[in-house]
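*Asks:* Chains as they are written, first to last, in the working numbering: chain A, 696 to 1122; chain B, 517 to 850.
Rather than coming from a laboratory, the hints here were simulated on the basis of the structure. Among these hints, one or two may not hold up.
Computed far set for chain B versus chain A, every beta-carbon distance over 10 Å [what the hints assert, rightly or not]: (1) R618; (2) T624; (3) H694; (4) A705; (5) F764.
Now the stretches of chain B that chain A is said to cover, found in silico as 3 or more residues with beta-carbon under 8 Å [said to hold, decoys possible]: (6) 627-634; (7) 662-674.
Heads up, simulated PhoX-like pairs for lysine-lysine below, C-alpha to C-alpha not over 25 Å straight-line [said to hold, decoys possible]: (8) A:K986 <-> A:K1065; (9) B:K609 <-> B:K621; (10) A:K875 <-> A:K815; (11) A:K1111 <-> B:K609; (12) B:K825 <-> A:K1111; (13) B:K704 <-> B:K825; (14) A:K1111 <-> B:K704; (15) A:K901 <-> B:K617.
If you're wondering where the values come from, they're calculated on a predicted model, not measured in any experiment. Glycine is no exception: its CB is placed at the ideal position from the N, C-alpha and C atoms.
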Amino acid sequence: MIQRSLTLFAGLFVLILVVGWLMGLPFTSSRLVEATAYSLIALGLNIQWGYGGLFNFGIMGFLMLGGFAVTFISYPINPQFWGSDGPWMLGRALIAFAAGALLVIGAQQSHRVGITGRWKAVVTVLAWFVAYCVYRSQIDPAAAYIEANAGFVGGLGAHPVLGWLFGGVLAAVIAFIVGKIALGLRTDYLAIATIGISEIIRALIKNMDWLTRGTLTVSPIPWPTPLPQDYQATGSDLFSSLLLARGGFLLLAIAVLVLAIWLISRAYSGPWGRMMRSIRDNHIAAASMGKNVTARQLEIFVFGSVLIGIGGAMLVSFTQIFDPSSYQPINHTFLIWVMIIVGGAGNNWGAVFGAVLIWLIWVISEPLSKAVFEMVSYWSTNAGWGAIPEIESRSAQMRVFVLGLVITIALRFAPKGLIPEAVKRDT
Amino acid sequence: MTELVFFINQVVIAGAVLGCIYALGAVGITLVFGILRFAHFAHSELMTSGAFFAFLLAAMFASWGIVTPIPTGFVVLPIAMVISAIFALGIDKGFYAPLRKRGAKPVTLLIASIGVTLMVQGLIRLFFGAGSYSFFETETKEVFRIDTAFLGSTRPLVITEPQLLMIIVTVISVLALHLFLTRSRLGKAMRAMADNADLAQVSGINTTLVVRVTWIVAGALACMAGTMLALDVTLKPDLAFNIIIPIFAAAIVGGLGQAYGAIAGGLLIGFAESLAVFNWTMVLRPLNAVLPEWAQLPATLALVPTEYKLTVAFVILVVVLLVRPTGIFKGASS
C-alpha cells in the first residue's frame, strides 16, 4: 500500500518535472500554486464525502464565498463609499433584515399564543413575505445609491491571510445554514439541493453589484507575499522575479496545506475519526450506539467547507482578480469531484494526489490537444481535405471531454481511486 | 383589457412554453430515476445532443431543397427522436450497464452520469464550437398576432408558430405517454418496476427490456424538449446544461418516479418563474390615478428581479425538499 502510494507520488513528481521542462518554470510554478489550493479544496471535499459520506455538489458556491471574502477583506478601502450616505442606508437595510428575521422567528413560535396547524403555516408564509418585502424596500434603494455614487462598497484593506481566514469562516457560516436545511436528505436529493444552493449563491454574488461589483470584476487583489514587481524594484530580472514571487506564494500555500493535513490526520486517526467512519458506513447502527448522527454530519460538512472556502480565497488572491462570471460548475464543482474519485475518497494523500494530477491534466490537455489538432490539420491539409477550423477554441473544449473520459474510466477500472482508503483492522 | 392581454403574453404563454420544456425533460429524469434508481445528470446533454441531431437533419433537408409548411425542426423531430433514443441506449450500454452489472451504488452511477455529461458536452463543443445556431436561418419564424381590439385591448396577443406547435406537440406526447403507461403491457411493466423493482423481477417482468424501453422513452422525450427549446430560443452547446436544475426541481416537486408528477412539476416551475419576474406595475398602473402622490407605484414591481429568474426554481426546490421531500405526488422516498 505504502509502496504503491510512493510509486504514484514519484510518478507525479516526474510528471511535474516533464511539465516544467516543456512549458517553462514560470508557467509550472503558477500551476503548482493553483494545484496546492485545489489540494486544499479536495481535502475539504474528502472530509465531507470520504469521511462523512455527504454528497456536496455545491463546491462552486463555497469557492465563490471564499473568493468574495478575500476580496472584501484585502481590497483597499473605498473612501468614496464611506464618505457617502451608503453606510447609513446599508445600516437601515441591516435593521430591516433583522426586523424581518424577528418576524419570521416570531411566526415560527406562534403556536405559543395558540395559533396552530394550518393557521400557523399561513402566518409563517405571510411573515416570510412581509419580511422579504420590508428588506427589499430598504436594500433596493441602498444598492442603487451605492452603485451610482461609489461603484461598490470596496474592501477593508487588511492582510490577505486574514481574508483567507475570513473565507473559511464565511464558508463555515453558510455551510452551517445549508447543512441545517439540506442534511438529512437522501444522497441524490442532497446533491441536487446543494447544486441549487450553490447556484443561488452564484446568482447573488454575480448580481449584488453594490457589494461584489458583480460582472465588472475586482482587481488587483493584493498578495500575501511580495509581488514580482516588488522584486523587480530591487533589481531582479523578469524571470527570477516571477520565480521568487511565485515560490514565496507557493511556500505559504504549502504551509497552509501541511497544517491542514496534519490537523485532519490527527483528528481522523483518533476517536473522532472512528466515530465518523462508523457513521458513514452505517449511520443507523451509529445512531443506535448513541451518536448524534445529524449533529456530527453537520460538523463534518462545516469543517469541509472551511477548507473549501480557504482554498477558494487562495485561488482568487493568487490570480488577483475576482470575476464571478468565471465560476462554472464544470471547472469548480465537477473538477474537484474528479480529483477525489481518481485520487481515492477517504484518503488524504489520495485527495492531494488526485488534485495535483487532475489539475495538471486539466491545464496541459489544452496545449496537448492543440498540438494533436495541428498535427492532424497538417496531415489533412496535405491529403487535400483542408485544415481544421478554429483549432484554438476546439482544443480549449477538449479538456472537458478529457475530464469526462477520466471520470468514466476511473469509475470503471479503479472505483476506489488510485490511492484507496486504508482500511485498518485491529488484530 | 390591455393589462390582461399583457399578463397573458408575459405569464400564461411564456409560462406554458417554459413549463412544457421542463415537463418533457422532467418526465425522462423521473422515469430513469424510477426504473434505474439514480439521478441522471446527463439528461441535459441528451436534450442538447437531440437538438443538434434535429438541427443537422433540418440543415440536410434545407440543402436538399425540401420546403415544409411548418418549421423544418418539427418535421425532422421524429427522425431525431429515433437517433436520440439509440444514442441514449448506447450511453447506457457503454457507461451505466457495466457499473450496474458490478452492483455499483446509485451514487457511483450519478457520478458516472456527470462523466457522461462532460464527455458529451466536450464532443458537442468540439464539433460545433461555442457559438449559437438558429433553426430559422433559412426560413422565417412566423409570429401570430391575434387582434383583441374587440375586447377593448390596444395590444395584440402574441404567440410564435414554434410556441404554438410546441404546446400542441407536448399535449399529444403527454397523452401518448399516458396511454402507453396505462394501456400497454410494457408501460404497466415499467410502472410495476418503478414501484418495486425486486417484486417486478420475481413476477416475471423482463427487466432488461424495461430498462431499454426507459432509455428509449427518456431519450426521445429529451430530444423533443431540447429541439423545442432550441426552436424557441437559440441552439447552443450549453442549451440544456443551464436548465438542468429547474428540470430536476420539476421532477422532485412532482415526486421522483412519478411521470404525471413530473408534468405537473414542470408546468408549476415554468409558471412560477414567469410569475415571479412579472412586472406587476404594468397591470396595476390604472391604480396610480386613484392612489395619492406618496403611494404611487414604482416603475418595476416584480417579486424577483429578472436576473434572479432561475433561482426561483431552486428556492421552490429547497422549500419542497424541506416541507414535503417526496414531492406533491408522493414519489420515491428514502
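*Asks:* Taking the earlier hints as the rules, which of them does this structure contradict?
*Replies:* Numbers 1, 2, 5, 7, 8, 12, 13, 14 and 15 - these are the hints that the structure violates, sorted from lowest upward.
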